[in-house]
Amino acid sequence: SQTIHQWPATLVQPVGSPLSLECTVEGTSNPNLYWYRQAAGRGLQLLFYSVGIGQISSEVPQNLSASRPQDRQFILSSKKLLLSDSGFYLCAWSFLGQPQHFGDGTRLSIL
Amino acid sequence: QQPVQSPQAVILREGEDAVINCSSSKALYSVHWYRQKHGEAPIFLMILLKGGEQKGHDKISASFNEKKQQSSLYLTASQLSYSGTYFCGTERTDSWGKFQFGAGTQVVVTP
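Top to bottom, those sequences are chains A and B.
Position 77, counted from 1, in the first sequence is what our numbering calls 77; the numbers after and before it change by one each time, with no gaps.
Position 94, counted from 1, in the second sequence is what our numbering calls 94; the numbers after and before it change by one each time, with no gaps.
One should not assume that every hint holds.
Label pairs and their calculated CB-CB ranges [claimed, not checked]:
#	chain 1	residue 1	chain 2	residue 2	range
1	A	Q2	B	T93	19 to 27 Å
2	B	K67	A	S84	36 to 44 Å
3	B	N21	A	Q98	22 to 30 Å
4	B	D17	A	P69	46 to 54 Å
5	B	D17	A	G41	20 to 28 Å
6	A	K80	B	Q79	19 to 27 Å
7	A	S20	B	E16	44 to 52 Å
Quick partial rundown of chain B residues pointing at chain A, CB under 10 Å, derived from the structure [said to hold, decoys possible]:
#	residue
8	Q5
9	S6
10	A27
11	Q36
12	E40
13	S72
14	Y74
15	D94
16	W96
17	G102
18	A103
Derived coverage of chain B by chain A (criterion: at least 3 residues anywhere in the stretch with Cβ under 8 Å from a Cβ of chain A; other residues may be distant) [claimed, not checked]:
#	region
19	29-35
20	61-69
21	81-93
Calculated from the structure, these hints are not laboratory results.
Quantities reported herein were computed from a predicted structural model and do not represent experimental measurements.
We put the beta carbon where it would ideally sit given N, CA and C, even for glycine.
Modelling step: build the complete structure from the supplied sequences, incorporating the hints.
Structure representation (structure tokens):
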């Protein structure tokens, strides 16, 4: 069966520090991968998506970046975090016409 | 552009019905519906792939009008467990792999 791992569950970082969130999928090949961010009380904002290794589409211009170094690995990074980067980050995988499968999420607080 | 959801919020008494709408300005390949409880990842409810298709899950059902690029979610005889935020998500025919959520509809069911 397919599983998705996302870590860490919570993270507290100072402003200006770097960030690396990792997401891995097991049990499937060549899935579409997604990073979403959800601010408190708000909707799910699509940040990046990838339809294959090395293929990254960015939806929101910001200080975040994403990479897909392996088929089932998706990494969200930042060189310098801003206060506005706080939120609930969700990784997901799917195929066209099939449900999105979410990780448990990372709650990121910037101090 | 993300799909547009309405209403933003609805308060129901147990046993009452509600309709949540989702519309897109672009042609859609699929519409998904999810429910999210506070602090958790969204839970998949159903997916609609064909124009005019209706699907049901317990007393929650949905329709998809492909020509109008609209979908509606129907909460029938609501239960306390239906409380949460409902999101529609869409895959467009012109953006392979891109998946976007609406802003969400907060549903509160009271005894």
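Here's how the hints hold up against the structure:
Between Q2/A and T93/B the C-beta distance comes to about 26 Å, which sits within the given range of 19 to 27 Å. Under the hint 36 to 44 Å, the C-beta atoms of K67/B and S84/A, about 39 Å apart, fit the expected range. Evaluation of the 22 to 30 Å hint for N21/B and Q98/A yields a pass: the beta carbon distance comes to about 23 Å. Evaluation of the 46 to 54 Å hint for D17/B and P69/A yields a pass: the beta carbon distance comes to about 48 Å.
Range check, D17/B to G41/A: about 26 Å between beta-carbon atoms, so the 20 to 28 Å window is met. Taking 19 to 27 Å as the suggested C-beta distance range, the pair K80/A and Q79/B does not conform, at roughly 47 Å. S20/A and E16/B have their C-beta atoms about 46 Å apart, which keeps the hinted 44 to 52 Å range intact. Interface restraint check for Q5/B: the shortest CB-CB distance to chain A comes to about 8 Å, inside 10 Å, so the restraint holds.
With a least beta-carbon distance of about 13 Å to chain A, the hint placing S6/B at the interface is violated under the 10 Å criterion. Using the Cβ-Cβ criterion of 10 Å, the hint placing A27/B at the interface with chain A is not satisfied: the shortest such distance is roughly 14 Å. Interface hint at Q36/B: satisfied, since its Cβ lies 8 Å from the closest Cβ of chain A, which is below the 10 Å cut-off. At a threshold of 10 Å, the smallest CB-CB gap from E40/B to chain A is about 8 Å, leaving the interface hint in force.
Annotation: interface hint on S72/B violated; nearest CB of chain A at approximately 18 Å, more than 10 Å. For the restraint placing Y74/B at the interface with chain A, the shortest Cβ-Cβ distance is roughly 19 Å, beyond the 10 Å limit, so the hint is violated. For D94/B, the suggested interface contact is broken, since its CB lies about 13 Å from the closest CB of chain A, more than 10 Å. Hint status for W96/B relative to chain A: holds, with the closest Cβ pair at about 6 Å, below 10 Å.
Satisfaction of the interface hint for G102/B is found here, the shortest Cβ-Cβ separation to chain A being roughly 7 Å, below the 10 Å cut-off. A distance limit of 10 Å between C-beta atoms decides the matter here; for A103/B the minimum to chain A is near 4 Å, and the interface restraint holds. Counting residues of the region 29-35 of chain B whose beta carbon lies closer than 8 Å to any beta carbon of chain A gives 4, which reaches the threshold of three, so the coverage claim holds. Look at the region 61-69 of chain B against chain A: 0 of its residues bring a Cβ nearer than 8 Å to a Cβ of that chain, fewer than three, so the hint is violated.
For the region 81-93 of chain B, the assignment as covered by chain A holds, since 3 residues bring a beta-carbon within under 8 Å of that chain's beta-carbons and 3 suffice.
Comparing the model with each earlier hint shows violations of hints 6, 9, 10, 13, 14, 15 and 20; every other hint is respected.
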